[in-house]
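Student: No gaps in the numbering here: position 18 of the sequence shown is 110 in this note's numbering, and each next residue is one more.
Because the hints were derived from the structure by calculation, they are not lab data. Treat the hints with care, since some could be wrong.
[Unchecked claim] Taking CB as the label site, the calculated pair distances span:
(1) C380 / T94: 45 to 51 Å
(2) P141 / Q279: 28 to 34 Å
(3) E122 / G204: 33 to 39 Å
(4) T94 / G354: 49 to 55 Å
(5) G325 / T116: 41 to 47 Å
(6) A109 / P379: 45 to 51 Å
Being a predicted model, the structure only gives us computed values, none of them experimental. Every residue, glycine too, gets a C-beta built ideally from N, C-alpha and C.
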Amino acid sequence: MTPPIRWPAEALWQAIAPRLPGFTVEVLAEIDSSNSELMRRFKGRPGAPPQTEPLLLVAEQQSAGRGRLGRSWQSRRGDSLTFSLGLLLQPADWSGLSLAVGISVAESLAPGTGHGMPRIGLKWPNDLWLSTPQGERKLAGILVETASWEGLRYVVIGVGVNIGQPMPGAPSGTTPGAAAVPPGWLQDLAPGIDAAEALLRIVPPLVQAVQSFEQFGFAPFQARFAARDVLAGRAVQLSDGSQGTACGVGENGALLVHTAAGMIEITSSEISVRPIAAAATVKGARPC
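Working from the sequences, and respecting the hints, build out all of it.
Tutor: So this is what it looks like as structure tokens:
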């Protein structure tokens with residue numbers, strides 16, 4: 093039997109409540125999806141006011157976790173960290189929020205050393221990739237959802253991190269075949285770290301990052317994203333089949349891709365990295 097997880101709820105509350113009045117922490121042993129649960133609570137009963145207090149909901153196990161574009165994300169207790177942060181937010185521009193979240197999570201788990209590409213990179217728009225001797229591995233995913241009620245805008249920020257490799261036959265963080273890269277594990281980067289410690293590392297800086305985004309937008313995060321951008325200079329393929337070279341992101345968080353037709357901005361299309369080393373060999377690709 094897996095030993096109980098000692099979640100740092102009190103330490104999180106002490107660190108965050110002064111910045112986020114009304115903040116609470118809740119841990120559930122199992123749920124379908126922490127994002128779905130917070131959305132259900134916000135929407136509430138017909139005619140009743142929504143639940144809008146800031147809440148961190150941690151799910152030890154998810155049976156129907158979701159990623160971007162409806163992809164499933166299964167999690168098993170102890171092998172992964174899955175949580176959702178729900179709060180009211182009023183940024184002037186929502187563009188780039190998932191990127192700002194990814195930057196915060198990556199910096200919390202693997203601060204840059206100043207020597208080359210950090211071990212944790214960012215794949216636009218919502219994945220964290222771990223660099224290993226065997227190649228790139230998907231370490232974490234982010235799902236940002238919003239809902240409105242009488243002028244209020246509520247955001248739910250879902251984060252899933254692969255902590256340790258599960259036993260044979262157990263589900264991993266991503267459903268087989270759903271990811272372009274195989275899963276990676278935080279314990280390969282930080283041996284001995286568990287889900288509780290990872291949560292404590294991630295959430296307080298995440299709240300600060302979200303509040304900074306609300307005030308200043310994505311522009312202050314742009315250079316930090318560039319330092320971890322795993323797509324920069326690489327050949328990519330867009331959802332419509334067109335190809336080009338990824339050239340970083342703009343001040344609004346849009347992916348810049350140089351194609352045969354010129355430079356274009358991608359704001360929501362899913363892209364995949366071509367498994368080749370030189371973008372110049374891909375049809376339609378242009379140097380940045």
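Student: Indicate, hint by hint, whether the structure satisfies it.
Tutor: Evaluation of the provided hints:
Distance hint for C380 and T94: a CB-CB separation of about 47 Å, consistent with the stated range 45 to 51 Å. Range check, P141 to Q279: about 43 Å between beta-carbon atoms, so the 28 to 34 Å window is missed. Distance hint check: the CB atoms of E122 and G204 are about 36 Å apart, consistent with the given range 33 to 39 Å. A C-beta distance of roughly 54 Å is found between T94 and G354, which places it inside the suggested range of 49 to 55 Å.
Range check, G325 to T116: about 44 Å between beta-carbon atoms, so the 41 to 47 Å window is met. Separation of A109 from P379 is about 49 Å and conforms to the stated range, judged on CB atoms against 45 to 51 Å.
When each numbered hint is compared with the structure, a violation occurs for hint 2 only.
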